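Visitor: Spelled out, the chains give:
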Amino acid sequence: MKRIRLPTQRASTAQGRRVALQQPLLLSPAAACTAKTPALAPPARRHAGSLSQRPDAKHVSFPGAIKSAFSNTLRFEQPSTYPALATYRAVDQHGVAVDPSFVPDLADDAVVELYRDMLTVSIMDLIMFDAQRQGRLSFYMVSAGEEAVSVATASALEKEDVIFCQYREQGVFRQRGFTLADFMNQLFANRKDPGKGRNMPVHYGSKELNIHTISSPLATQLPQASGAAYALKIQRMQDPSIPPRVVAAYFGEGAASEGDFHAALNIAATRSCPVIFICRNNGYAISTPTLEQYRGDGIASRGLGYGIETIRVDGNDFWAVREATKKARELALQDGGKPVLIEAMTYRVSHHSTSDDSFAYRARVEVEDWKRRDNPIARLRKWMEAKGCWDEAKEKEARESIRREVLKAFSEAEREKKPPIRSMFEDIYEDLTPDLQEQMKALKRQIEQYPDEYDVGEFVEGAGSLGR
Amino acid sequence: MTGRSIRSFSSVMARVQALQSRAVASFQSPQQPHGRLYSTHPPNAKLNLPTDYSTTPLLAHASQTALANPELPPEARNGTTKRMNLFQAVNDALSISLAEDESVMIFGEDVAFGGVFRCTGKLADTYGGDRVFNTPLTEQGIIGFAIGVAAEGMRPVAEIQFADYVYPAFDQLVNEAAKFRYRDGTCGRGVGGMTVRMPCGGVGHGALYHSQSPESLFTHIPGLRVIMPRSPLQAKGLLLAAIRSNDPCIFMEPKILYRAAVEQVPTVPYTLPLSKAEVLKEGTDVTIISYGQPLYKCMAAIREAEEKLGISVELIDLRTIYPWDKTTVFESVRKTGRCMVVHEAMVNAGVGAEIAAAIQEDPDTFFRMEAPVLRVAGWSIHTPLVYEAFNVPDVARIYDNITKILQY
Ligand SMILES: Cc1ncc(C[n+]2csc(CCOP(=O)(O)OP(=O)(O)O)c2C)c(N)n1
Ligand SMILES: [Mg+2]
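If you read the sequences in order, they're chains A and B.
Heads up: the first sequence at position 59 corresponds to 59 in the UniProt record's numbering, and the numbers run straight through without jumps.
Heads up: the second sequence at position 279 corresponds to 279 in the UniProt record's numbering, and the numbers run straight through without jumps.
Calculated directly from the structure, the hints in this document are not laboratory data.
Values in this document were obtained by computation on a predicted structure and should not be read as measured data.
Glycine included, each C-beta is placed from N, C-alpha and C at the ideal position.
One or more of the hints may lead you astray.
Unchecked claim - Partner residues are not named here, just some residues of chain A that face chain B (Cβ under 10 Å, in silico):
(1) A189
(2) K196
(3) R198
(4) N199
(5) L218
(6) E258
(7) T270
(8) A285
(9) S355
(10) K418
(11) I421
(12) I428
(13) D435
(14) Q439
(15) A442
(16) V456
As the list claims (entries may be wrong) - Residues of chain A clear of chain B, computed beta-carbon distances all greater than 10 Å:
(17) F76
(18) S80
(19) G197
(20) I234
(21) I377
(22) D452
Generate coordinates for the entire structure from the input sequences, incorporating the hints supplied.
Guide: Next comes the structure, spelled out in structure tokens:
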């Protein structure tokens, strides 16, 4: 290679340059290689360099697209010419099986239990929504219409699998064993709430159930799920006695617009992470309809774009969701691990949250229409009734007993004290820093000096937890 | 309770609710009932009472009071006023800017139907979907998009739904918006047309992710102008100034004030000066510097202190938190010799630290000091749900610190 002759530098400048080169290189290795000094390290080896292209090859061997055939037609791909990805259904809205290969893999009583989980969630939702309206708690979010997505996906996972939720997946918690008391303790932020009264209602979490605590910022859980899945994969490589585990990560179609979603899929694909991304596509992100959220074929098409095995399912079909998740879990554990994407199509029947009035942006009739057309609970019920394992009397009994249990858990949790005030300073760092200790003392002094100004009676130990 | 129907259960709840009369700002839609207020103050409280926005001297309850504001231009002072709350004043400013300048655009998550706090209500209908529209749910996308829009000479006003969700856009704000003009040098392009609005602060039940006041993360970034209005009249004038300003502005709206703070607001367009503090109340013994909602608490604490301790306190609203008005602050502190900074955000590396350091660096001010600068701020913790009343500075804590600062 011919070296370009550069203008001579003044000695002092040249000196400065040599010094500069000894400093850590801030640019990429590739950029460093273009520098003139031969003393630099050789370029890093590029794997793509081994892809030699034979003279008459029919395929491109560019490092960025190794299977692309040459074409002599100048043509832009039209997304609209591709048919929309099909939506898998095992059972139709009348409760009739439509997939000839579908064989229910659960005994009747197991199906009934999962059905009860869905009912429980929907009854709890009604009561808590009402309770919020009446000022008994500050906030609530229902999952009406999406009960099958959470309960059925969860039912196809193992207890050891690790879960990241968005916030509308109370069915996942319920199916994995979250009790009504667990829900209520969090909702009332009482002393039994593992979140120590710090989080807003519905931000549940459970170590025993392997569900990470819900965080409000959208989509942040998704790259975390990829990383967690990678950790599980490496841990099993290091210790084969550990059972194979996957991570399941839930999110809404709105959250899928965040950069974190794209980062999550891409990194999971490149690092072959055993993670199942489960999108609840319910048509809305607060007021924003999907038409303003994305173009192209939904969230599923994103999965394909990242080279991820993907399925779209009818999210109102309990069995389709369960079958898809079962299969997804198998896939995720194949070939040493890989990501899978499930897009479950549903409809957000209720308001976004208790802070929202959805009739400000969608017509009542649209909602009524959906409710009439399809409902995951009604659909599974029809299937069970046809099977002969459910009837009107059982339905009535189930609804009544669930309601009683919810109300009981409600009043018990509401009566409990709040956690100790000290909890506000804890867990910021592993140990209280000197700064935080001082602040805690200052707060204690303040409360003691102005006892009429603070209500500490609701809290365990009153102001006492702040120190002697 | 066990065994009752939902209906009878509801009526029990209704009775209980009737007892819980204390009002708090609601989060979003108008029909939301007042949320449950955690750690309410006991009935014997004399200091930590809920702010009475209907009587506070910080709001212009009468038209004449509003029009007497010397910062207003003559056409505003000779005009009329209208009663508005904070979200209506923001809406008014946005509407004026859309009407007067066709390069103004307004976008963000859910802004088309009016936004979750109603700040952009009716704007899409009035000015059309090309200039007022929903974006997909991506804060980095929203701010990057705004930067692009501004770089090509327009005036985007981007909304981040909650200040707590601005972090995905941090790269765009810190590395791009703030540095755009600087790196372009003599090419001369910039993104000064851009304004980013975001609701911030506690409302009583927002917990970790609906309560934050991240202003000091932005005041650390040269190139961004960081503004927080205290009232509807201020919000209208400062927001219009921010939109017209040729520097990228971060406009932080204390969301607890959206409905609670109501005052008479001049109807014509007007701006209020950026990077200019305002002395809200003159005094001789202590200077209190604050911004946003805590100003109301400062005012209550000052009233008590002046009555009980026979002193006089000066209250300053910083308004623009960076670049801030050192002249006004130094002048006041030179006079009083005692200074206290009050803010809701965490005390560590907060705005109070910057002000205290600047005061002790200025010899003419430092040598007049009778006491160290005190900070009354959130503790160095996150914003936890049920403990908010113990975290956010309250009247009693501000009062107590006034008594302390006098002891030196
Ligand atoms: C980073 C971030 N931006 C904005 C919000 C405010 N927010 C909460 S939920 C929501 C809509 C989410 O829609 P989607 O992901 O479709 O879930 P769905 O509510 O439909 O279940 C928005 C914008 C947030 N929580 N986090
Ligand atoms: Mg959605």
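Visitor: Failing hints, ascending?
Guide: Result: hints 7, 19 and 22 break, sorted rising.
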